[in-house]
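Asks: Numbering (UniProt numbering), first residue to last: 1 to 406.
Simulated from the structure, these hints should not be mistaken for laboratory data.
Even glycine gets a Cβ: it sits at the ideal position worked out from N, Cα and C.
There's no promise every hint is true.
Cross-link-like lysine-lysine pairs, in silico, DSS-like; alpha carbons within 27 Å at most [unchecked claim]:
{"id": "1", "residue 1": "Lys-322", "residue 2": "Lys-293"}
{"id": "2", "residue 1": "Lys-103", "residue 2": "Lys-126"}
{"id": "3", "residue 1": "Lys-244", "residue 2": "Lys-257"}
Simulated restraints, written as ranges between beta carbons of each label pair [to be verified]:
{"id": "4", "residue 1": "Thr-223", "residue 2": "Ala-80", "range": "37 to 43 Å"}
{"id": "5", "residue 1": "Gln-180", "residue 2": "Arg-89", "range": "35 to 41 Å"}
{"id": "6", "residue 1": "Pro-102", "residue 2": "Ala-46", "range": "38 to 44 Å"}
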Amino acid sequence: MEKYPLEQYGDRKRRRDCIGSWQARYRDADGVQKAKNYEKKGDADAFLDEVRSRVRAGTYLDTARGEITVAKWWDEWWPAHRSGKIGTRNQTVSRYRTHIEPKWGRRKLISLTYMEIQAWITNEVKGHATQTKTIQLLSSMMRSAVRDRRIPFNPVDDVVATATPQAKHPDDLRPPTLEQYALVRSNLPAYYHPLVDFAQESGMRWGEYAGLRWQHLNWSDATAVVREIVVDDHGRLLRQSMPKTSAGFRTVPLSGKAMDAVKAMEDIWGANPGTSTVQDGMCPVELIFKGPKSGKTTKTGKTFDGVMNRNNFRRLWIPAIKKAGIARLVINPETNRKEWWPRVHTYRHALATRLHAEGVPEKDVQLILGQERGGSVTWLYTHGTEESIATVRVAMEGGRHLRSVS
1 MEKYPLEQYG DRKRRRDCIG SWQARYRDAD GVQKAKNYEK KGDADAFLDE
51 VRSRVRAGTY LDTARGEITV AKWWDEWWPA HRSGKIGTRN QTVSRYRTHI
101 EPKWGRRKLI SLTYMEIQAW ITNEVKGHAT QTKTIQLLSS MMRSAVRDRR
151 IPFNPVDDVV ATATPQAKHP DDLRPPTLEQ YALVRSNLPA YYHPLVDFAQ
201 ESGMRWGEYA GLRWQHLNWS DATAVVREIV VDDHGRLLRQ SMPKTSAGFR
251 TVPLSGKAMD AVKAMEDIWG ANPGTSTVQD GMCPVELIFK GPKSGKTTKT
301 GKTFDGVMNR NNFRRLWIPA IKKAGIARLV INPETNRKEW WPRVHTYRHA
351 LATRLHAEGV PEKDVQLILG QERGGSVTWL YTHGTEESIA TVRVAMEGGR
401 HLRSVS
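Using the sequences and the hints given, assemble the complete structure.
Replies: See the structure below:
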């Protein structure tokens, strides 16, 4: 390159020198001719014997295919693996863009090593859950590269999450009391009172009651059937046929208060049971709970469909919990992000606690809440109540006292 300056001769194609007197020519598994030079004939013959044996055995690996960068491999890998629900897909893409691409995007697949990946997980990726999910994603990409015969082994195979799972104090898990929720309700606009009443009484997830339709309501036996949900796809609200898990398909009994909330929505919008399917689009006229601007048109000609948006509702929820005097700013130990407690989702926790306090079997609570794993209701949603603390105190003080003897 010094003999041919770039300014004078331009960008010249590099020439690969054939160093060695003997050239071993062979064809790879795809029939493409390859060549490699050696100083000695015996070395060339040995190489050819080895390559031919691997080609015949189906174990041939062309290391040149591992020269592809992680970013380019993602572009090939993701379109073939982007199955699943919208939320899951969005989380996968976000995890790659946030953690994997900045660190490894320009690196070649063949260059990744176990030690540097483990060091990266330990020192740069924060939080046990984040580490675990990131390892799973990168390992899946590398496992596919092994199957595609680009690399000989998966460098992520034995990489482990090193962060300690963060436990929360019971006080941070205990949901607000009914009295506290009443204060929150009183500080929300009156239009949203039926919405929070229904959330509190049904224990449904946001996407489930935001996507609940009149045709899914049974007035005669006061039940609602969860068949579909509303999901947020980067700001676009979409109709999805699959709830969070297969256990999400369920029939939920509704209390009198929940039915009153539905009746309040009927008084405002009317009941419009339809026969649409997910393939027909949102069809917002069928929704039970809609925003107050549903059907209104702006000066620019945009018409509000009225589908409830969780991010928009948070703008009302956070001021309401602050005015109620129960808001608490909590730092997420996994992400270090600040979050306001209680969340709207905490209504599910409160209902689970109430049902357990009333002696409802865990299996029944699991069924009504739509939890997939047995036992998850106990460790995830059941929180100690003030009554349980008082009960234990009475039992302790009412029992037989023992005197110490020295």
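Asks: Each hint: holds or not?
Replies: Against the structure, the hints come out as follows:
In summary, the hint linking Lys-322 to Lys-293 is supported, as the alpha carbons are separated by about 25 Å, within the 27 Å threshold. With a C-alpha separation of about 14 Å, the suggested pairing of Lys-103 with Lys-126 holds against the 27 Å cut-off. With a C-alpha separation of about 26 Å, the suggested pair Lys-244 and Lys-257 falls inside the 27 Å cut-off, and the hint holds. The supplied range of 37 to 43 Å is met by Thr-223 and Ala-80, whose beta-carbon atoms lie about 41 Å from each other.
The supplied range of 35 to 41 Å is met by Gln-180 and Arg-89, whose beta-carbon atoms lie about 37 Å from each other. About 43 Å separates the C-beta atoms of Pro-102 and Ala-46, a value consistent with the hinted range of 38 to 44 Å.
In terms of the numbered hints stated before, the structure departs from none.
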